[in-house]
Each structure stands twice: as structure tokens, then as C-alpha cells.
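K.L.:
Chains H and U, in that order, give the protein sequences. The opening residue of the first sequence carries number 0 in numbering that gives the first Met the number 0; numbering runs sequentially from there. The opening residue of the second sequence carries number 0 in numbering that gives the first Met the number 0; numbering runs sequentially from there.
I should point out that these hints are in silico values taken from the structure, not numbers from a laboratory. Just so you know, not all the hints are guaranteed correct.
[Said to hold, decoys possible] Capping the alpha-carbon separation at 16 Å, the derived lysine to aspartate or glutamate pairs in EDC-like fashion look like this:
hint, chain 1, residue 1, chain 2, residue 2
1, U, Lys107, H, Asp497
2, U, Lys107, H, Asp566
3, H, Lys30, H, Asp497
4, U, Lys56, U, Glu15
5, U, Lys300, H, Glu215
6, H, Lys201, H, Asp295
7, U, Lys106, H, Asp317
8, H, Lys274, H, Glu216
9, U, Lys334, U, Glu373
10, H, Lys500, H, Asp442
11, H, Lys552, H, Glu576
12, U, Lys292, U, Glu269
13, H, Lys500, H, Glu479
14, U, Lys300, H, Glu216
15, H, Lys212, U, Asp158
16, U, Lys107, H, Glu22
17, H, Lys521, H, Asp566
18, H, Lys274, U, Glu100
19, H, Lys357, H, Asp390
20, H, Lys515, H, Asp566
21, H, Lys279, H, Asp254
22, U, Lys163, U, Glu308
23, H, Lys10, H, Glu21
24, H, Lys274, H, Asp317
25, U, Lys42, U, Asp89
26, H, Lys30, H, Glu19
27, U, Lys106, H, Asp295
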Amino acid sequence: MMYGWCGKIAKIDLTTQSWEIEEPEQSVYHKFIGGRGLAGHYLAPHIHLAWDDPEMPVLIFCGPLTHTISPTPGRSTFMSRSPLTGTIGDSSVGGRFGTELKKAGLDGMIITGRSSNTVGIEIKDASIQIVSADAMRGMTTSQAWAGLKSHGSVAAIGPAAENNVRFSNIIIDKHYAAGRNGLGLIFAAKNLKYITVRGTGKTRIFHPGNLKKAREEIMRLMSASPVISGRFGISKYGTGALYDLMDARNMMPTDNFQKTKFPDAASMNAHAYDKQFQPKKTGCRGCHVQCKKITDTGRSIPEFETMSHFSALIGNHDREVVMEANRICNEMGMDTISAASTLACYQEISGHPISSAKIVEVLLDIAYGKGSYANLGMGSARYAQSCGKPDAAVAVKNQDLSAYDPRGALGMALAFAVSTRGACHLRAYPISHEILRKPVATDRFQFAGKARIIKINEDVNAVVDSLTACKFTFFAASLEEYASVFSAVTGQSITGQDLLKIGERICYQERMMNAKNGFSRKDDDLPPRFFMEKKADLSDSILKPIDRNAFQKSLSDYYTVRGLDQDGMPVPEKASELGLEWI
Amino acid sequence: MFLEFEKKLCAGGLTERSSPLMGFLDAALEWNRNDSSIPLLEKVIQGLSINSILFSKPAEPYQTIISYLAETSKGVIYPEDCETRTFLHDLPISRTLDTGEIVTILKKRKGVIIPDLGLITYGMVSLEQAYVTYSSICFACFVKFFSDYLWALRNGSVDHLFQKTFSQVVKMLDPYPSFTGSLIKGPLDSEQLVLEAMDEAGRLTVENRLVDSYFGNISCRLGNILYISQTGSSLDNLTGCIDPVPMDGTSCTGITASSELDAHLGIIRETGCHTILHGHPKFSVILSMDCDKAGCDQKGKCHIQCSEERDICGIPVVPGEVGTGVYGLCNTVPKAIQEHDGVIVFGHGLFTIGSEDFYRPFSNLFHIENQCREEYFRRVSDLLSP
Numbered sequence: 000m001m002y003g004w005c006g007k008i009a010k011i012d013l014t015t016q017s018w019e020i021e022e023p024e025q026s027v028y029h030k031f032i033g034g035r036g037l038a039g040h041y042l043a044p045h046i047h048l049a050w051d052d053p054e055m056p057v058l059i060f061c062g063p064l065t066h067t068i069s070p071t072p073g074r075s076t077f078m079s080r081s082p083l084t085g086t087i088g089d090s091s092v093g094g095r096f097g098t099e100l101k102k103a104g105l106d107g108m109i110i111t112g113r114s115s116n117t118v119g120i121e122i123k124d125a126s127i128q129i130v131s132a133d134a135m136r137g138m139t140t141s142q143a144w145a146g147l148k149s150h151g152s153v154a155a156i157g158p159a160a161e162n163n164v165r166f167s168n169i170i171i172d173k174h175y176a177a178g179r180n181g182l183g184l185i186f187a188a189k190n191l192k193y194i195t196v197r198g199t200g201k202t203r204i205f206h207p208g209n210l211k212k213a214r215e216e217i218m219r220l221m222s223a224s225p226v227i228s229g230r231f232g233i234s235k236y237g238t239g240a241l242y243d244l245m246d247a248r249n250m251m252p253t254d255n256f257q258k259t260k261f262p263d264a265a266s267m268n269a270h271a272y273d274k275q276f277q278p279k280k281t282g283c284r285g286c287h288v289q290c291k292k293i294t295d296t297g298r299s300i301p302e303f304e305t306m307s308h309f310s311a312l313i314g315n316h317d318r319e320v321v322m323e324a325n326r327i328c329n330e331m332g333m334d335t336i337s338a339a340s341t342l343a344c345y346q347e348i349s350g351h352p353i354s355s356a357k358i359v360e361v362l363l364d365i366a367y368g369k370g371s372y373a374n375l376g377m378g379s380a381r382y383a384q385s386c387g388k389p390d391a392a393v394a395v396k397n398q399d400l401s402a403y404d405p406r407g408a409l410g411m412a413l414a415f416a417v418s419t420r421g422a423c424h425l426r427a428y429p430i431s432h433e434i435l436r437k438p439v440a441t442d443r444f445q446f447a448g449k450a451r452i453i454k455i456n457e458d459v460n461a462v463v464d465s466l467t468a469c470k471f472t473f474f475a476a477s478l479e480e481y482a483s484v485f486s487a488v489t490g491q492s493i494t495g496q497d498l499l500k501i502g503e504r505i506c507y508q509e510r511m512m513n514a515k516n517g518f519s520r521k522d523d524d525l526p527p528r529f530f531m532e533k534k535a536d537l538s539d540s541i542l543k544p545i546d547r548n549a550f551q552k553s554l555s556d557y558y559t560v561r562g563l564d565q566d567g568m569p570v571p572e573k574a575s576e577l578g579l580e581w582i
Numbered sequence: 000m001f002l003e004f005e006k007k008l009c010a011g012g013l014t015e016r017s018s019p020l021m022g023f024l025d026a027a028l029e030w031n032r033n034d035s036s037i038p039l040l041e042k043v044i045q046g047l048s049i050n051s052i053l054f055s056k057p058a059e060p061y062q063t064i065i066s067y068l069a070e071t072s073k074g075v076i077y078p079e080d081c082e083t084r085t086f087l088h089d090l091p092i093s094r095t096l097d098t099g100e101i102v103t104i105l106k107k108r109k110g111v112i113i114p115d116l117g118l119i120t121y122g123m124v125s126l127e128q129a130y131v132t133y134s135s136i137c138f139a140c141f142v143k144f145f146s147d148y149l150w151a152l153r154n155g156s157v158d159h160l161f162q163k164t165f166s167q168v169v170k171m172l173d174p175y176p177s178f179t180g181s182l183i184k185g186p187l188d189s190e191q192l193v194l195e196a197m198d199e200a201g202r203l204t205v206e207n208r209l210v211d212s213y214f215g216n217i218s219c220r221l222g223n224i225l226y227i228s229q230t231g232s233s234l235d236n237l238t239g240c241i242d243p244v245p246m247d248g249t250s251c252t253g254i255t256a257s258s259e260l261d262a263h264l265g266i267i268r269e270t271g272c273h274t275i276l277h278g279h280p281k282f283s284v285i286l287s288m289d290c291d292k293a294g295c296d297q298k299g300k301c302h303i304q305c306s307e308e309r310d311i312c313g314i315p316v317v318p319g320e321v322g323t324g325v326y327g328l329c330n331t332v333p334k335a336i337q338e339h340d341g342v343i344v345f346g347h348g349l350f351t352i353g354s355e356d357f358y359r360p361f362s363n364l365f366h367i368e369n370q371c372r373e374e375y376f377r378r379v380s381d382l383l384s385p
């Protein structure tokens, strides 16, 4: 009997409209845990395929801690090859999809093939049906959700994916985005509009008493964390709580990263939204932090990244426009970071600011692929390339940087560069120690020591995404505490350091997949502007351009620590040491 | 980098000058000095995913205390102070310098006690974590030793070894802390003065060994701004580590402020004070955990649910955990501190307040800690009397 896991994965073929259940060996679970780890395991054999090849799978996995009393257990991972970056593409997403999947008796699903017409997948406990969704083409994600919510949790794409927007998302339960890598486009390529899932099962727990005790230890740490539970923490204000801090640290990306200070920050901060819109707390299933903020009328308060990029990055001073931009992106199924970044890139190249009043109209043009802004749907990097000005895109591996100026946190600079899914703050989240002082503060203006810190934290977060849990919890707790939770749930005796080893395996496999598709040192780089004096107006800032030699040295150190060669490529010996098959 | 923590360890009386062996690993491994233990520690590092390690023999009286607790435990020491309960969980022991055993223990916990040889602690982000864990283990063992002795005395279970060790340890204690100097005088009516006064009070609190570097926080109100030490900052190095927090809540920059921000704001709201000092002086913590109520139905939950009105020498003792949860000390301290010089949180530490500057909170921290120490030995003496 398995504890924690269900022991079943649904394999659904949309070409033949058929499905089967795979029951993996227990050793596979022990090696990759669940979530991001298990999804990567099943993606690896197919990673050489084009993202729109019918045989390219889209993988959706929960983890052993999903649907347990473990703190923050309600997330799931969506993964495939990214249409935006060409790297692996994955997203850890909240809502209740993962919980319902687990309750339906599944650890995950692997979807391949391409339907001849638009379809939806409907899962209810052991029943899986593939149904026509032709009538739903063109529906926004909230329209889809409204029509399907009685079927359980809903993952749906909107018009953006159907109109080939490279940064299209899958939206879960109306408010939660499986974002960043353009995974919505994978659904569209398979003619898959939505998935619903509902279950009634329970997760078997090996030792409920130990789980309760381990949970209490984590909850105690979370209560002690100012970032999570404090008066100004994310439980109170959502992730927008970071807005003032980024401004105070001169790290707020402004005017497409040409400045680092936004003069109107004080009037665009989380407190201002809180006062104006008076949202209530909500959040992922089973989570007590409740960092999602929704108004009485169902409007979602933007996350920090959205709040920052739809204000400072594009020069917008109107909170209502940020709210609407956020809503439109979710309705259309578009990534807010990439959408705002593409607008900023357009403004820099064209020299024509988009007025606040016009932002929503432009976003709709992008989503529907019409009008003079339709070509922005290709994303900032491809757009800048097409204009002959590639340096105007502030992206790594074609994915736009989130709202942390890397000149203000050099660990973040390295983490953006080496992330396996393109510029991503969440892979190693060095902001935790460089800005938020957790678990201890590090010198944000030094590369010294950062290579190993980034590597270790990438491994930690790979585990977090695989358990599955929320990274915010790790502002307070560590794998030391989560190992006790894992052992209590699964019955597998394990330590925090054992889990880290699994995290290392997961990250290395991702490097291997990217290497298979030609990614190497040349791709682990930052946009030129961060190294150049004249590319930015830093006169109002304490920041300086990044020293390229120091960056390159840190990158080399990272490769050494990660067990890659100096071109950033995996080596068979290290893969073997980690128990990975060479691909 | 190494020098900073060598200085802290020695200045805090946590180790002898020549003892700390520290390693830091990025792409390459560096040591603060040569030592015959390096090959062993290199194997430990290879067995873990870490970036820093500290191996040192604690100075007295910590060494004697830790050796005794290790000898009389069954492989793991279970202190009940707040630091251990929240961050360390328990203190495992390795009887030998066996690499395999040490690695096995460190895979699970942040530090290991090797009786008579020292403590090994590590960091995954910085050497500071190794230092904090080392310091916390010393603190937790000190508190446990003196708490256990009082409990055993009260229950008639002090054996020869315990009594002998206790007598040795008492002889090695630091003299009672005293301070005859002056602090920056109030009113602290400019930001610069506030920062200087906080820096001075924090530094003196550590220099006088009232607390270890990381065990405490400090704040000062100026108009509508509360200046407060950042989370995880060192009281003896507050430069650049003080957050100005608008008290009207219009900015979230206080997200990096001390986890006790809510308690500080609550204290100001309840008392109208302007300065607050919080530390973890040892005898205040030890005595806060000394309770002779027999058959109490809250036993084991004293730190969160003690329903008794308790005091030590007139200073209230209240339950409460770090931070802002349901059982957070922010719910108990502000009310309890009204009309008192301070308040002690069960198993945790002491809050003191002032109206103009840091002289009163600083001197009361001294005074209350010394009172608690005197009271501890008075209780011991009473229990030893026929």
C-alpha cells in the first residue's frame, strides 16, 4: 500500500480520444517525488520534439503532500516544452486543481496527441471523458470557468492561446495562472480548451500523529515570519507587500529597466490598493496564508510582479488601469509579466508611450491577434529581434525578467541567467536572503558565495515544487521541517539533505533536457543593458552596472558547483552519480 | 568574513580565541586557519549540501554544561526554551568524531554536539547561520542546565554528578553584569539621533553579555515613524539594519522589520513609551520557566497557554510565541507591560521600555536580569536549606 501517493497516473491521448492508467514503480516516486520532479521525469524522453508536435506531452502533477494537512499543500505543476523559450516549461500553480486531482485518485496526468476538434477533458474520480468543446472556442477563461465550475476545479485557456500568443497561460479556477512559459499555447496546439477535475477520495497518511506534530512546527515558524504573517506580510497584503521594499531598495524596474526608481511608487503600493478596493483574503485549497486578495465584486488584486510591471515598467500611474490590465490578462489567458514587458519593449523601440487609457485596448488587440499591436503577441524578445533591436527586450532565453532589477541583487542576476525556464525569480529566489533577510541576510552587491547559494536554493525549490508546497512557506520553514512532514505522510524515512539530493537530480535533469535542445553558456546571460553605464539612467539610484567579469566568474563557479562543464553542459558522470539516464 | 564571526564568538564568551575552525565553500573551499580536523570536516562537507561549517569547543562554563547534558542524555538533548522549540527542535549528540555518524545527524539537524570536543554547525546560505546555531546551542544548554537543576532540586533528584557539575559551573559564571557609563540622552528628536542611540544601546547590550548578538531587537518612535531593528539583525551591528516603519501603515517597507514588530507597536499603543529593548538574558529566561504548581493541567503548554498570573520580583511573566500567531507574544506582552519596568516572556526573553531614550530600558534590562539571577540562587539556597 502506498501512503501519500495514489500510485496512478492517467495517460490521455487526444488523437485517439483514449486513456489508460499507468501505475509507476514506487522507486520512480522515491526518485522524483511528484509535481515538477515527476513531470520532468515523464517529459525527458520527449524533450527533443517541437512544442507543437502532437506527441509532445503536457504534464500535470500534484505531489505526496497534496490534500493532506501539511501547510500550503494545494499547488500543482503544469509542464511541457515552452513555446516561448524552447526550454522546459513549467509552472507551479495554486487554486484547487492539484487537490481535486489527488482526490480523484491521480498523482498526475500525461496528455499527448491532438484532437481534430476542440475538446475538454472531464475527470470525476475514476471516470475520464473527452468531450467536445467546439462551442467554447473564443470563450474567456472566466466564461469557461462559469460554465464548468460545477464540474470541479477548472484549468482553461482563453483567446490568447487560441490566437497564438507566445506568453499565453492556463488559468486555474478563474484566478490562478499557470504562467510564464506560454503553456496555454500547448493546450491550444492540442485543441484542448479545458480540463475539469473533481474527486472524493482521501490521501492515505502513514502516521497522522507525526504529521500533526510536524505541521505544528512549521506553523510556529510561519507565525514567527514577518514576511508571511507580519503586519506588512503577504498574508495581509498579498505579494504586493514587496512593492514598497523594491522601491526602497532602488530595485523597481522602471521604463523598461532604464531606471530603478518609480516616482509614484508611494501611491501605487499595496496599501493604496487595500484602501481603495478593500479586498478579502482567499487562497489555495488547504493554505492558511491566504495571500490571494479578491474584492467583494470578484476582482483580483494584482500580484507584486503585475503591480510593478503594469505601473513602473510602462510608466502607468493609474491603479484602476493596473487592476483592469490584470483582469484582461487573466480573462484572455496571458502572462502579466510578459505582457507588460512586451509593452515596455514596444515603447522603447517605437519611442511612443502607450497612454494609460490605451493599455487595456492594446492588451485586447494582442490577445485577439488583431490591429497594429497583434505582432506583440510574439513576446518582447521576438518582437525586438524583428525590429532589429534585440537589446530592447529585457529577457533571458526569450522570457522577460520579473520585477527585480538584477543590478540591485547580484544573486538574482545569476539566478535569472541560469534558470532552466528562462528568466525566473522563483527558481532560486535569492530575494529571500538578499532583500528579505531570510534565512539570513547576504550582501546583495556581492557575487562572492552566490554560485553555491543559488545552486542549493534551486535544489530546495525543485523539491518544494515536487512535494508540492508553496515557496512562501520557505521564508520561514526549511526542508528540515518538511522532511518530517514527508516522512509522516509517506512512511519513507528521509532527511532534509536527502530531499536536497532529489532536488539536485531534478535540476540536473532539466539542464540535460535544455542541453539536448542546444542551450548552453551562451544562453545563460543577461541583457546587455545591465552591464552598461549608458544603457540606463542610474543617476537617481545607488545601483551600478554589473561587472561582466565578476558575473562570468560567478557563472563559471555555478557550473563547477552544479557539476556542469564550463560551457554549461551536463556530463555523463554527474548524471550517473545522480541516477539519471543520459538523454 | 571569518574574522567577523571569530570576534563575535570570542567577545560573547562562546569560545576561546584559538578554537573556532571555519570553512566556507563556493566553487572552492576556504578555511580560516590550518587544523588537523580539516580532513574530517571536508568529508562532512562532501556528505552535505551546505556552504559553510563551524567547529569549535565552547568556552566555559558552556563546555562543562554541554558535556554534562550530553553525558546524562540518551543521544539527544531536549531544551524547552523558545529558541530551541522554534528553530532547533532538539540537540543531537555524536559520541565520537565519526564522519558517517556526524553526517547522518547533520542531514537532519543544523548542529551536532560532540562531547568534550565541541560543536559542529553549518550554513546553507552563509557562515552566519552556523554562528547563530552555535550560539543558540550554547544558550539553550545553559538555560536547560540551570532549569533542570532547580527542577531536580525541587523534586529531590539532584545526584552527586549533577551537584558537583553545578558547583563547578557556578564558579565559572561571568560576574554579574554592571554598567556605570552613560547613554545618548533624550529627547531623541532627529532620525540621526535615533539611529545613533539605537546603535549604541544594541551594541552595549551585547558587549555587556546581557544577550548574544542575534538574541533581541530594539525600537524607537520618532513622530509617526517607528524605527526598529530588522529581522535577523545583530544588536551589536545595527548600521544599515534599522527599518523606518510608518505607524499609519501606509507603506509595507516594514516587511523586513523584526518579527516582534507587532509587539513593539502594541507596547507603544498601550504605554505611550518611545523606546523598547528586547533581549534574551539567560536568568530571566531560566526563572520564567520555573514553576512549582503541582498537577497543572497546562503542563507542556506553559509557553502558550499558562493561565496563572505570574511574576518574578514584581516583573510579570506571560506566555507567548515569537511573532503574530494566535499564541503570539504580541497578544500578551503589551497589556502586561503597563505600569511595569518590563515583562518576561516564558522561556523567551525580556522586554523593557523607556519614555525618552534608552537609558531606562537598558538599565532595567541589567537590573531585572541581575534580580532574576539573585532570585535564582535564593531559590536554590532555600531548597538546599534543611
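K.L.:
Taking the hints in turn, state whether each one holds.
P.N.:
Evaluated hints:
no.: 1; hint: U:Lys107 - H:Asp497; result: holds (9 Å)
no.: 2; hint: U:Lys107 - H:Asp566; result: violated (35 Å)
no.: 3; hint: H:Lys30 - H:Asp497; result: holds (11 Å)
no.: 4; hint: U:Lys56 - U:Glu15; result: holds (8 Å)
no.: 5; hint: U:Lys300 - H:Glu215; result: holds (13 Å)
no.: 6; hint: H:Lys201 - H:Asp295; result: violated (32 Å)
no.: 7; hint: U:Lys106 - H:Asp317; result: violated (50 Å)
no.: 8; hint: H:Lys274 - H:Glu216; result: violated (34 Å)
no.: 9; hint: U:Lys334 - U:Glu373; result: violated (27 Å)
no.: 10; hint: H:Lys500 - H:Asp442; result: violated (27 Å)
no.: 11; hint: H:Lys552 - H:Glu576; result: violated (26 Å)
no.: 12; hint: U:Lys292 - U:Glu269; result: violated (30 Å)
no.: 13; hint: H:Lys500 - H:Glu479; result: holds (13 Å)
no.: 14; hint: U:Lys300 - H:Glu216; result: holds (14 Å)
no.: 15; hint: H:Lys212 - U:Asp158; result: violated (33 Å)
no.: 16; hint: U:Lys107 - H:Glu22; result: violated (31 Å)
no.: 17; hint: H:Lys521 - H:Asp566; result: holds (8 Å)
no.: 18; hint: H:Lys274 - U:Glu100; result: violated (56 Å)
no.: 19; hint: H:Lys357 - H:Asp390; result: violated (25 Å)
no.: 20; hint: H:Lys515 - H:Asp566; result: holds (13 Å)
no.: 21; hint: H:Lys279 - H:Asp254; result: violated (32 Å)
no.: 22; hint: U:Lys163 - U:Glu308; result: violated (35 Å)
no.: 23; hint: H:Lys10 - H:Glu21; result: holds (7 Å)
no.: 24; hint: H:Lys274 - H:Asp317; result: holds (15 Å)
no.: 25; hint: U:Lys42 - U:Asp89; result: violated (24 Å)
no.: 26; hint: H:Lys30 - H:Glu19; result: violated (23 Å)
no.: 27; hint: U:Lys106 - H:Asp295; result: violated (47 Å)
In the structure shown, a violation is registered for the earlier hints numbered 2, 6, 7, 8, 9, 10, 11, 12, 15, 16, 18, 19, 21, 22, 25, 26, 27, in ascending order.
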